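First residue of the sequence shown? That's 1 in the working numbering, and the numbers climb one at a time after it.
Please note that the accuracy of each hint is not assured.
[Claimed, not checked] The calculated lysine to aspartate or glutamate pairs, modelled on EDC-like cross-linking and capped at a C-alpha distance of 16 angstroms, are: (1) 455 with 412; (2) 416 with 160; (3) 464 with 454.
These are calculated hints, taken from the structure and not from any lab test.
Since this is a predicted model, take the numbers as computed values, not measurements.
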Amino acid sequence: MGVNDIAVRFTETNYATKNEVSKELKISIIDGVWDKILSYRAPFCHYLSIRGIDKNQLRVCLCPTISAKLNTVEGKLLRVVSEANKLDSVNSDKQYFRQSCIIKSLQNVALANMSLSDEEHVRAVVLGSARDPKLAHYLDALNYIKERYVNNVNEDFLAELYSKVTGNNELTSFYRTRDLEDSNVAAVVSRVYKSAPAQLIESMMDSLFNFVEKSTVSPLCRSLITYYYIQFVKPFPEFNNEIAVLFAKSVLAHYSLGDFAIYIPLEAILNENETEISKIFNDVQSSSDVTYFLNFALRFINKEFDKMLDSLAEYSSKVIKEDFFKLDEEEPKEEPEPAPAPVEEVHQDPVVEGKPVEEAKPEPAPVVEEKKVEVKTSPVIEKPVGLAVSYIPEELDEKTAQRLERHLIELDVRLKKGQAYFYARHCTLGMYYTIEQYRKAVKCVYETARTSMDKLVEYGYYEKTLVGKKFVYTPVKRK
Numbered sequence: 001m002g003v004n005d006i007a008v009r010f011t012e013t014n015y016a017t018k019n020e021v022s023k024e025l026k027i028s029i030i031d032g033v034w035d036k037i038l039s040y041r042a043p044f045c046h047y048l049s050i051r052g053i054d055k056n057q058l059r060v061c062l063c064p065t066i067s068a069k070l071n072t073v074e075g076k077l078l079r080v081v082s083e084a085n086k087l088d089s090v091n092s093d094k095q096y097f098r099q100s101c102i103i104k105s106l107q108n109v110a111l112a113n114m115s116l117s118d119e120e121h122v123r124a125v126v127l128g129s130a131r132d133p134k135l136a137h138y139l140d141a142l143n144y145i146k147e148r149y150v151n152n153v154n155e156d157f158l159a160e161l162y163s164k165v166t167g168n169n170e171l172t173s174f175y176r177t178r179d180l181e182d183s184n185v186a187a188v189v190s191r192v193y194k195s196a197p198a199q200l201i202e203s204m205m206d207s208l209f210n211f212v213e214k215s216t217v218s219p220l221c222r223s224l225i226t227y228y229y230i231q232f233v234k235p236f237p238e239f240n241n242e243i244a245v246l247f248a249k250s251v252l253a254h255y256s257l258g259d260f261a262i263y264i265p266l267e268a269i270l271n272e273n274e275t276e277i278s279k280i281f282n283d284v285q286s287s288s289d290v291t292y293f294l295n296f297a298l299r300f301i302n303k304e305f306d307k308m309l310d311s312l313a314e315y316s317s318k319v320i321k322e323d324f325f326k327l328d329e330e331e332p333k334e335e336p337e338p339a340p341a342p343v344e345e346v347h348q349d350p351v352v353e354g355k356p357v358e359e360a361k362p363e364p365a366p367v368v369e370e371k372k373v374e375v376k377t378s379p380v381i382e383k384p385v386g387l388a389v390s391y392i393p394e395e396l397d398e399k400t401a402q403r404l405e406r407h408l409i410e411l412d413v414r415l416k417k418g419q420a421y422f423y424a425r426h427c428t429l430g431m432y433y434t435i436e437q438y439r440k441a442v443k444c445v446y447e448t449a450r451t452s453m454d455k456l457v458e459y460g461y462y463e464k465t466l467v468g469k470k471f472v473y474t475p476v477k478r479k
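Given only the sequences and the hints, what does the whole structure look like? Please build it.
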């Protein structure tokens, strides 16, 4: 393998550190190879206005692979925002989704602090019916971002966040004035710091504010780098983890998402693999290359966006609910009008015109017959291959599918909205449906589609069969 191929491999395929390259190639001295790798990366590097403790300027390498990952995650973020904005405000879907996001964020904060983190407790804190000062203060900080995200994200904004998180509206001090315990002699000797020395904090934070204001990298990239830098500097005597997340959200809110940024689940990173993150921080510090953290953060946040999209998929059938209710309102004009008209005349004629009573007696029979014709004498029953639900016409138009969907949700409380939505449109006996069809119909990830279809099998709606190398699902006759 040529040196250029190695440079591409350890940049594009796997953005590796010098030590990782050495281990992979099983060569102890790789200065020449490493120089070639750095030369390949150089054209893609963006030097940032933030510096490490050693005064070296940090850089990020937006090579084709990293750029593609960033674009993918940013595209997924836009999809999350778009899907969330489609939720119905009238029936409180949008409010409920946003509240759920806040609850999950607070749960992660509580878990990171080894506090009570069960959903009911956190929900009570959000609703104001339970007392938990730490979570309540964090919620105040989130609300501050929501209300003031248009303000410049600078030192004053950071001070307000710190004030909210600590619950102290009259701060007498700001940055810490003493080194943290982990900034010990061993760390200095090995040139690996776990936090910035106290005397460097103010200048390093000034460089961060300058980076936030003037950087040309995308808002998401800027937000994630901001999170890393605050976690590295640790400018406060406490609550550095929370402040790092909050300030990253503030950057994303001010430069891109507005108040929706507070619902992005960045708090989940607080409970990620601490050993892995510590190693990545050391890699960034020793190389001045923040790409190592960015690469990790993109993988992490991509998974979180998938979870958000799965959650939003639960509301997907509600997107058509407004049209469904409109159709319900129009039904008396379209379908019932022709049938009731003759019945009304028969009822009224004997009374008004005094016609023989015999004509009024047969009235109830035709009315009952008409209802039976609609439901029980449908041609569906006569066909050898029909629908699993016999009282729904075989040719399901969207309006009928919506009716069946609503009926299923009301009939079987175990069904999720996405499952009812899919089954109402895929319930023909003798037909076979796939997990991929479910995924596309409900707009969720493959694993969610597989789990949902297997649950429908468990509930007796489908039978699962292995055809070739893939499973297919066929409807089961239901009464």
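Structure-based check of all given hints:
{"no.": "1", "hint": "455 with 412", "verdict": "holds (13 angstroms)"}
{"no.": "2", "hint": "416 with 160", "verdict": "violated (42 angstroms)"}
{"no.": "3", "hint": "464 with 454", "verdict": "holds (8 angstroms)"}
The structure fails hint 2 only (numbered hints given earlier).
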